[in-house]
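Trainee: Going down the list, the protein sequences come from chains H and V.
Following UniProt numbering, the numbering of the first sequence begins with 1 at its first residue and continues without gaps.
Following UniProt numbering, the numbering of the second sequence begins with 1 at its first residue and continues without gaps.
Do not rely on the hints blindly, as some may be mistaken.
Said to hold, decoys possible - Below, computed lysine to aspartate or glutamate pairings styled on DMTMM-like, alpha-carbon distance capped at 20 Å:
1) V/K2 <-> H/D158
2) H/K159 <-> V/E177
3) V/K395 <-> V/E264
4) V/K29 <-> V/D60
5) V/K35 <-> V/D66
6) V/K92 <-> V/E236
7) H/K128 <-> V/D368
8) V/K241 <-> V/D182
9) V/K36 <-> V/E49
Stated by the list, open to error - Chain H side only, calculated, beta carbon under 8 Å to chain V, not exhaustive:
10) I125
11) S133
12) T134
13) V155
14) S201
Stated by the list, open to error - Looking from chain V toward chain H, a few residues come up when the C-beta cut is under 8 Å (computed):
15) Y116
16) G153
17) V158
18) L180
19) G386
I should point out that these hints are in silico values taken from the structure, not numbers from a laboratory.
Using N, Cα and C, we set each Cβ at its ideal position, and we do this for glycine too.
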Amino acid sequence: MRQVFLESVSVIGPGLPNWETATSVLRGETPLVLADVALPPAALLPPTERRRTGTATRLSMALGVEAAEKAGIALAALPSVFVSTGGDCENCHQILETLASDDRSISPTRFHNSVHNAAAGYWSIGAKSMETSTSLCAYDATFGAGLLEALPLVVSLDKPVLLIAFDSAYPDPLNAIRPIPYPFGVGMVFSPVQTAQSLASVRFALTDEASAQMEDAALEALRLMVPAARALPMLALLANQTAGRVVVDYLAPSQLAIEVTCL
Amino acid sequence: MKPLLMSSYTATSALGVGLAEQIAALKAKQSGIVKKSWETVSFEFCTGEVAGVDEVVLPDAVKHFDCRNNQLAYLALQQDGFETAVLHAITKYGPNRVAVLLGTSTSGILSTEVAYRERDPETGALPVGHRYRQTQNTYSLADFVRTYFGLTGIANVVSTACSSSAKVFAAAERLIECGLADAAIVGGVDSLCLTTIYGFSSLQLVSVAPCKPYDVARNGISIGEGAAFALLEQPERADVKQGIYLTGYGETSDAHHMSSPHPEGLGAQQAMRAALSMAGLTPAEIGYINLHGTATPSNDAAEGKAVTALFGKNTPCSSTKGHTGHTLGAAGGLEAIFSAIALTEGFLPAGVGTTELDPDIACHYLLDNQVANIQHVLTNSFGFGGSNCSLIFSKG
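The shape of chain H in the complex, shown without the other chains (with noise of 0.2 Å):
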C-alpha cells in the first residue's frame, strides 16, 4: 500500500518512561533497566472518574495525549485505533472474581469497563472526540494488527490517526497461564501527507520472513514478554533515525516488513 507518515511517537514501559529516555536506550547509550512503569493519572478525566480508572486507561491515555501533542493536532480531530491483548485485565479479574463468589453483584462500572473498547470509550469521552474508533486483538500480534488498521484507516480518511497499542497484566491467577509482566505501549500518529512535523515515511507490507530481533538481550527479553513491545524493532530504527527496513512480528506465518525513512 502506498506510504504514509509518521508525525509522532511516545512510549512507556519499564525502564522506558517516555520517548526520549527510550531513544537513548534503543540507541545503545543507556542500559535498558527494568523498573516498575509509573503511569500518569488519566489526565482527561474528571477527577471522580480519575481516581477510578486503572492500568489500560492510564497507560493508554498517556500515550495518545503525548503522541497527540507532539503531532500538533487536536485530540478531538483524530480518529483512533486501540489495540490491546487484553483490555483492562484487572478489571476483568474484579469481574471473574465476583462472578465466583457467593454475590455475583458486579458493580455497573466494573461491567461497562469490561468491554475491550473501554479504554478507547474513555479516551473518546476525555479527547471530546466524536471521530471513528476502533478497539483490536490479535493476542500477541497487538503491535502489527493494530498498524494493519492504522494505516489503511489514514489512506480511507485521508486525515491523521492515532494508534494506541498497550498491553498491561492480569492478576493471579490469569497471570499464570497468560504473564505479562510489565505494562507496556506505544502510541503514534500517522498522517496521509508529508508535513513538517513528519518524522519518518512508512510504507509496509506482508511478508513470510522471520521477524527481527534486537540485539541488546535485556531489550529481546522486553520485546517477547509483552505483545506491543513487539513493536521495538521498528522504534530501534526510528531512535537511530536511520532508513531502514524491518520485520516485526505478526501472526505466523505471516510477518509485517516496515520500511522506515527517516526525514
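Fit chain V to the known structure of chain H by using the hints.
Mentor: Okay, now just chain V, sitting in the frame of chain H:
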C-alpha cells in the same frame, strides 16, 4: 467506496440455524426469546439462546479451541454452503489473501468464569489445562476461524461492544481497497456468559419479560446469542455477479458516556449520515432501517430522534432484537444478514414483542411484516463506550 459483494453469508440465532430458519421465523413473526434458567444463574431470565450449542463437537484439528463461543461459530460456519464458498475463495486468492475480521464482545470468557469456580483451594491456581488463549482471549474467535480454514494472512477481532461485528465490514473494505487482502471473512459471534447476564442486570437494563423495542412500555434488553458470517469480495473478481453489496458505512463515537447513549443520538445520526454519503444515497432512497433497537428506554429514544432527524417519519424501520434478543458483539453481523434477507426476500420484518409504540418516538416502526421490493437497507449498531456504526447494503 467501491461496493463489495457478499458472495456468501449465513446466520444462526435463537430463531434457528442457518438462513432458511431465520427467514421462516422472520416471516412468521416468531421470537426465539424464552424465559428460562441457564448455567448457574440464580434467577430465571428471558434469553435468546441458540439450541444445541453445547452438543457441537469441534473437529480434532481445532478441538483445542473448544468453548461455547467457538462451538457456536462452528455450528454457524457449517450452514448455507459458507464453508465451501470460503474454500473456493482460498483456492482462488490464496490462503494469505483471505482476511478474517470478526467481532465479539465476550469471546469464550464463560470458560474462564467456570475455571475461576474450580480454582485450587490451596494455591488459587486455575485448573490444569485451562486454555486462556483459545477460549477467553478476545482474538480466540478469529484465531479459531483462521486456523480452521488454514488461512495465513491478516486476522483480528474487533471488540467495540455491540458495534463490533458491524465495524468489521468497514475494516474489510479498507483492507481490500488498500490491496492488503482480496477477500475477507467478516461477521461476529457472541454467546451467553455470566459476565453479561449479571452485568446488564447490575445496570438494571434487563427486561423481566421478552424485550419490547420501541414500545411505550419497553424496560430493557433480552440477552441473546448468535453468529453471522459473510464473505466479502470485489465484484469484478467474484464468480457471481448478482447479489447483496456493502455500499456504505459510517463510524463515529458518542464521546458522551460509557454506557448511556447521547440523548439526542448525535453520534448515531452522524454515523448514518456518513454511511449515506459514502453510498451516495439520499435518506429517501433507503427502503428499510434495521434499528439497533435494544429496548432500553434511553437507546430507543436517542436512536428514534437520530432516525427522524435524518429520515423524517416515513422510512419503514424495526428492530429484530425482539426476535433474537440482543446478541451484543454478534448483533451487527446478524442484522447485516437480516438486512440482506429483507433485500432478497422482498419483505420488511416487523418488530416482534412490541405492541404499543412509544408515542414520543416518531419514526415509522413496523408492527406488521410488509412486502416491499426495496433497493437499499441501512442497519445501525451502537455499543458501550459510545461506539456507533451504520452499514448500508444494496441489491445489485
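Trainee: Each hint should be assessed against the structure and marked as holding or not.
Mentor: Each hint, compared with the structure:
As the CA atoms of V/K2 and H/D158 are separated by approximately 16 Å, the hinted pair is consistent with the 20 Å bound. With a C-alpha separation of about 16 Å, the suggested pair H/K159 and V/E177 falls inside the 20 Å cut-off, and the hint holds. Restraint check: the Cα-Cα separation between V/K395 and V/E264 comes to about 31 Å, which exceeds 20 Å; the hinted pair is violated. Note on V/K29 and V/D60: the hinted pairing is violated, with a Cα-Cα distance of about 39 Å set against a maximum of 20 Å.
Restraint check for V/K35 and V/D66: the C-alpha separation of about 27 Å exceeds 20 Å, so the hint is violated. For the hint pairing V/K92 with V/E236, the CA-to-CA distance comes to about 13 Å; that is within 20 Å, so the pair holds. Distance restraint check for H/K128 and V/D368: the Cα-Cα separation of roughly 41 Å exceeds the 20 Å cut-off, and the hinted pair is therefore not satisfied. Proposed proximity of V/K241 and V/D182 is supported: the alpha carbons are some 16 Å apart, at most 20 Å.
Restraint check: the Cα-Cα separation between V/K36 and V/E49 comes to about 10 Å, which is no more than 20 Å; the hinted pair holds. Annotation: H/I125 was flagged as interfacial toward chain V, and the flag holds, the nearest CB pair being 5 Å apart, inside 8 Å. Proximity of H/S133 to chain V holds as hinted, the smallest CB-CB distance being about 5 Å (cut-off 8 Å). With its C-beta approaching chain V no nearer than about 6 Å, H/T134 sits inside the 8 Å limit, and its interface hint holds.
The beta carbon of H/V155 is positioned within 8 Å of a beta carbon in chain V (closest approach about 6 Å), and the interface hint is therefore held. Taking 8 Å as the C-beta cut-off, the interface hint given for H/S201 is violated, the closest approach to chain V being about 16 Å. A cut of 8 Å between beta carbons decides the hint on V/Y116: the least distance to chain H is about 4 Å, and the hint holds. Because the beta carbon of V/G153 sits about 6 Å from the nearest beta carbon in chain H, less than 8 Å, this interface hint is met.
Below 8 Å, beta-carbon pairs count as interface contacts, and V/V158 has one with chain H at about 6 Å; its hint therefore holds. The criterion of a C-beta within 8 Å of any C-beta in chain H is met by V/L180, whose closest approach is roughly 6 Å, and the hint holds. At its closest, the beta carbon of V/G386 sits 6 Å from a beta carbon of chain H; the interface hint therefore holds under the 8 Å criterion.
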